[in-house]
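Enquirer: Chain by chain, the residues:
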Amino acid sequence: MIKTKLKRAQEEMIGFALIIVLVAVILLIFLGFSLNNPNKEAVESFETASFVSSLLQHNTDCASNLEAHLSVQDLIFDCEKDETCINGERAGEKACKVLEETITNVLQASWPIGEDWPLRGYKMTIQIGEDEDIKDLLPPFIDGSTEGTFKGTPQSFPKDIEIIFEVYS
Amino acid sequence: MVKRKKGQLKIQQMAFMLIAVTLFFVMVGMFVLVIKISGLRESANLLEEEESMLLAAKLANSPEFACGESFGGTAIGCIDADKVMALKKIIKDSTKYNKFWGIQNIEIYRIYPPEETITECKLEDGNYPDCNFIRLREDIEGGLRSSNFISLCRKEFDGTETYDQCDIAKLIVIYKTQ
Chain A
1 MIKTKLKRAQ EEMIGFALII VLVAVILLIF LGFSLNNPNK EAVESFETAS FVSSLLQHNT
61 DCASNLEAHL SVQDLIFDCE KDETCINGER AGEKACKVLE ETITNVLQAS WPIGEDWPLR
121 GYKMTIQIGE DEDIKDLLPP FIDGSTEGTF KGTPQSFPKD IEIIFEVYS
Chain B
170 MVKRKKGQLK IQQMAFMLIA VTLFFVMVGM FVLVIKISGL RESANLLEEE ESMLLAAKLA
230 NSPEFACGES FGGTAIGCID ADKVMALKKI IKDSTKYNKF WGIQNIEIYR IYPPEETITE
290 CKLEDGNYPD CNFIRLREDI EGGLRSSNFI SLCRKEFDGT ETYDQCDIAK LIVIYKTQ
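From first to last, the protein sequence lines stand for chains A and B. Under the numbering used here, the first residue of the first sequence is numbered 1, with each subsequent residue one higher. Under the numbering used here, the first residue of the second sequence is numbered 170, with each subsequent residue one higher.
In isolation and in its complexed conformation, chain A is listed as follows (with noise of 0.2 Å):
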C-alpha cells in the first residue's frame, strides 16, 4: 500500500518536473527571440555616397582665372591635368598637392577614428580613366583599420573619374 503511494507520489514529481522544463524551454525561446534584436549599423551606404558628393561641391583655397575658389570636383580636373593654382591663397602650389590637403583634412574632420568612434577605418581612391588605363590619380586616402565589413560603392563621375569610397565599422 505504501509502496504504491509512494510511486504514484514519485510519477506526480516527474510530471510536474517535466511541466516546468517545458514551460522553461518556452519561455527561454521567448526571451531569445526578443533580446535578438536587429543592430543599428554605424555608417548606411547612402552615407558615403553623401559625403563623396558633398566633398566634389567643397570650395578649395586653389583659384583658376575664371573662378576664385576651384571646387574639389575642378581640382580633380586640374591635377589630371598637372595644372597649378593661379590665383587665391594656394597661388603657385600644384593642384594636386593642394587636391591632396584637402581631402586629407576633409576626412579626418567628417570620420573620426578611434576607440571612441563606431568606426574602425577607411579608404579613398581616385581613379580616372577608362577600362584597362584606369590609374590612382593620388595615393589612396587610408586611416585606421581597412579590414571586415565595409560600406559603400564606387560612384563615377564626367570625365571617367570614379571615386571608391570605403568606411570600415
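Honestly, the hints are just simulated from the structure, not real lab data. Check each hint, because a few of them may be wrong.
Below, in silico cross-link-like pairs of lysine-lysine (BS3-like), each with a Cα-Cα straight-line distance of 25 Å or less [claimed, not checked]: (1) A:K7 x B:K174; (2) A:K5 x B:K174; (3) B:K172 x A:K5; (4) B:K179 x A:K7; (5) A:K151 x B:K268; (6) A:K135 x A:K81; (7) B:K291 x B:K268; (8) B:K227 x B:K258; (9) B:K179 x A:K5; (10) B:K175 x A:K7; (11) B:K172 x A:K7; (12) B:K261 x B:K324; (13) B:K324 x A:K5.
The hints should help you fit chain B onto chain A, whose structure is shown.
Expert: Okay, now just chain B, sitting in the frame of chain A:
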C-alpha cells in the same frame, strides 16, 4: 462517511490544482503579451528611425532647402544656407511648418572647415554666416537623431567679386520615439 470525506478532499484538491494551473497559464500569457507589446513598440521606433533616415537623405533636395540652380547647375544634396536662415525666421514667426515634416526638429552642423567651438546661428544675434550650427526650431530640445552629409552653400563676397562658398555639413533630423 469516510468515503464521502475522501471524495470531497479529492474534489478540493482538483479545484486547487485547476486554479493553480489556470493562474500559471494566465501569468505565462501575460508574460508573452508584455514581450509582444514591447516588440511592437520597438518595431514602431525602428520604423520611425528608418523614416527619419530616409528623410535626412532626401530633405536636402526639397524646395525649402535645395540650392536649385543658384550655385551653378543642379547639385544633389546641396543646401542653400541663406534659404535655411529665411526658413528659420518663417518658422519662428508662424506655426505653418510646425508639423510639416512630421519630425521634431532639423539641425545643420558645419563640419568642414572645422571650428573649435559650436556657435549657433541666431536670428536675434545676427551672427550668420559666422556660425557653424543652425537649428530650425530653438524651442525644442532632445530627441533621437539621424544624419546625412550635405553641401552647405552660400554666396560670399571677397571684396572684388561674389563667389559660391560650399562647406561640408551634416543635416540632422531629430525625431521622437513612440
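Enquirer: Indicate, hint by hint, whether the structure satisfies it.
Expert: Comparing the hints with the structure gives:
Distance hint between K7 (chain A) and K174 (chain B) is fulfilled; the C-alpha atoms sit about 24 Å from each other, no more than 25 Å. A threshold of 25 Å between alpha carbons decides the hint, and for K5 (chain A) with K174 (chain B) the separation of about 19 Å falls inside it, so the pair holds. This hinted pair checks out: K172 (chain B) and K5 (chain A) have alpha carbons roughly 18 Å apart, not beyond 25 Å. Straight-line distance between C-alpha atoms of K179 (chain B) and K7 (chain A) comes to about 19 Å, which keeps the hinted pair within the 25 Å bound.
Note on K151 (chain A) and K268 (chain B): the hinted pairing is violated, with a Cα-Cα distance of about 33 Å set against a maximum of 25 Å. About 14 Å separates the Cα atoms of K135 (chain A) and K81 (chain A), which keeps this hinted pair within 25 Å; it holds. For the proposed pair K291 (chain B) and K268 (chain B), the alpha carbon gap of about 22 Å is at most 25 Å, so the pair holds. Taken as a hint, the K227 (chain B) and K258 (chain B) pair is honoured in the structure, with Cα atoms around 22 Å apart against an allowance of 25 Å.
Taking the CA atoms of K179 (chain B) and K5 (chain A), the gap is about 15 Å. The hint holds against a cut of 25 Å. Between the alpha carbons of K175 (chain B) and K7 (chain A) the distance comes to roughly 20 Å, so the proposed pair stays at or under 25 Å and holds. Of the pairs offered as hints, the one joining K172 (chain B) and K7 (chain A) holds, with about 23 Å between alpha carbons and a cut-off of 25 Å not exceeded. Straight-line distance between C-alpha atoms of K261 (chain B) and K324 (chain B) comes to about 24 Å, which keeps the hinted pair within the 25 Å bound.
Between K324 (chain B) and K5 (chain A) the alpha-carbon distance is near 95 Å, which puts this suggested pair outside the 25 Å criterion.
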